[in-house]
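**Q** Chains as they are written, first to last, in the working numbering: chain A, 1 to 135; chain B, 1 to 135; chain C, 1 to 135; chain D, 1 to 135.
Don't take every hint at face value.
[As the list claims (entries may be wrong)] Within a straight-line C-alpha distance of at most 20 Å, the following computed DMTMM-like cross-link-like pairs (lysine to aspartate or glutamate) qualify: (1) B:Lys6 - A:Glu12; (2) B:Lys6 - B:Asp126; (3) A:Lys6 - B:Glu12; (4) C:Lys6 - D:Glu12; (5) C:Lys6 - C:Asp126; (6) B:Lys6 - B:Asp104; (7) A:Lys6 - A:Asp126; (8) C:Lys6 - C:Asp104; (9) A:Lys6 - A:Glu119.
Bear in mind the hints are in silico, worked out from the structure with no lab data behind them.
There are 4 protein chains.
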Amino acid sequence: MLTYGKALAVLEAARAAAAEESLTGAFAVVDAAGNDLAVGREATAAWFTGAVARAKARTAARFGRPSVELAHLAEHFSDVLAIATDEAGFRPVTLDGGVPLFRDGVLIGAIGVSGGAPEADRRCADRAAAALARV
Amino acid sequence: MLTYGKALAVLEAARAAAAEESLTGAFAVVDAAGNDLAVGREATAAWFTGAVARAKARTAARFGRPSVELAHLAEHFSDVLAIATDEAGFRPVTLDGGVPLFRDGVLIGAIGVSGGAPEADRRCADRAAAALARV
Amino acid sequence: MLTYGKALAVLEAARAAAAEESLTGAFAVVDAAGNDLAVGREATAAWFTGAVARAKARTAARFGRPSVELAHLAEHFSDVLAIATDEAGFRPVTLDGGVPLFRDGVLIGAIGVSGGAPEADRRCADRAAAALARV
Amino acid sequence: MLTYGKALAVLEAARAAAAEESLTGAFAVVDAAGNDLAVGREATAAWFTGAVARAKARTAARFGRPSVELAHLAEHFSDVLAIATDEAGFRPVTLDGGVPLFRDGVLIGAIGVSGGAPEADRRCADRAAAALARV
Chain A
1 MLTYGKALAV LEAARAAAAE ESLTGAFAVV DAAGNDLAVG REATAAWFTG
51 AVARAKARTA ARFGRPSVEL AHLAEHFSDV LAIATDEAGF RPVTLDGGVP
101 LFRDGVLIGA IGVSGGAPEA DRRCADRAAA ALARV
Chain B
1 MLTYGKALAV LEAARAAAAE ESLTGAFAVV DAAGNDLAVG REATAAWFTG
51 AVARAKARTA ARFGRPSVEL AHLAEHFSDV LAIATDEAGF RPVTLDGGVP
101 LFRDGVLIGA IGVSGGAPEA DRRCADRAAA ALARV
Chain C
1 MLTYGKALAV LEAARAAAAE ESLTGAFAVV DAAGNDLAVG REATAAWFTG
51 AVARAKARTA ARFGRPSVEL AHLAEHFSDV LAIATDEAGF RPVTLDGGVP
101 LFRDGVLIGA IGVSGGAPEA DRRCADRAAA ALARV
Chain D
1 MLTYGKALAV LEAARAAAAE ESLTGAFAVV DAAGNDLAVG REATAAWFTG
51 AVARAKARTA ARFGRPSVEL AHLAEHFSDV LAIATDEAGF RPVTLDGGVP
101 LFRDGVLIGA IGVSGGAPEA DRRCADRAAA ALARV
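Could you put together the complete structure from these sequences and hints?
**A** Have a look at this one:
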């Protein structure tokens, strides 16, 4: 199980990666069900980035894969995504930057990053996911 | 302006107060406009407490007063609260546990606590607000 | 027809009445269909008072009577009010402070005032309605 | 801070510019948080122009830039705009005609104009923004 303490450590790893990219943004770590564990937004980042980071993380957790992989679903099976959206009670995000977190092959949560280009957000999320093994 | 670092310090003050109360919950610090700065939920707290803490904090920030003070508005002027809700784009919470944060008399944000009895949530929020002067 | 110029004059009459009552609030004048003609909010009034004043005015215009008279409908025929709400596309207000404007017995618009006690809001709205004959 | 009096003066500057363009429309000035300060609609303008002017102004205030600059966000990052919309509680407008108002580099509000072609709406909004320095 991902504790708050470990979630915050993952978030800080994402923040450190963002600082190296000169990316000012927001970071969200959620549990396997997509609920908030730790969220942080730099005060100078756009006001809506916290919500976007949370949605990316939630998408990655609920679908068990990087958020960007839902772009295919959105394009070819938009009805399915719409129904999944109704069921999930939130708006999935198909942009890059949401990454699931696994421990021994089991989904334990996800991280979402928002504030930079989608590719940069993704790099920060990947580095935070890699840091999970060390926290 | 409340930075992420200061917001996290206020959140940690609320967590420390909660630990003393044996309260397992969630904590949210938002800016003056009600947007997320730092959110933390103990993994063993109910899944929805993060959302409740965020809503309490947002309510306190947007109305500039403790969330519990909206109970009067909700009881006697439910129309007004309903319209404010539509305008604000979120569901205000009238339970105790959301407290505005002021610096030199200026509203700079708010903290919300959820997970215990409303009175206990409020005590933790008040102690976190008092800690603001030291962070 | 109520022009913008006349609507603004009615609004200013409401503001003058509010100043005499030491009421800091918002004022809205709408046409017979309930659409905005002139809206003004003192910058120091609560952020949501503009929306409340608009809703009071719209209620008075769409129902052709003071907004407070809908309280009876809300209490005894809430289904009817709910359906009317769906049809109208806005949330009617049953608080006092919305007053229809008539010229030669024909409904030409309405005024709504928000920011004080409902009775004070109503007095300002009534005085503005009386001023219509002089503008 | 933008008072009601100054907001009305900015609105009148937009109206004067519109008259020169033979543009019959609506004008809205909001505070930095996007809440109404002064709204005016010519009675002969389309009934929905008041709502559009308000949405343009609110968009410019909440995003701190001309409303038309959100077209890029809408096209390439529609997920982000959808989430921002949910958070903000209103429907942002990506058409031209909403312009932020700055004083000494600080955002203090915004103006929105609706009723003409987007480019004409924008010219009126720009002239009103320029008039801010004189009111």
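**Q** Run through the hints listed earlier and report the numbers of any the structure violates, in increasing order.
**A** 9
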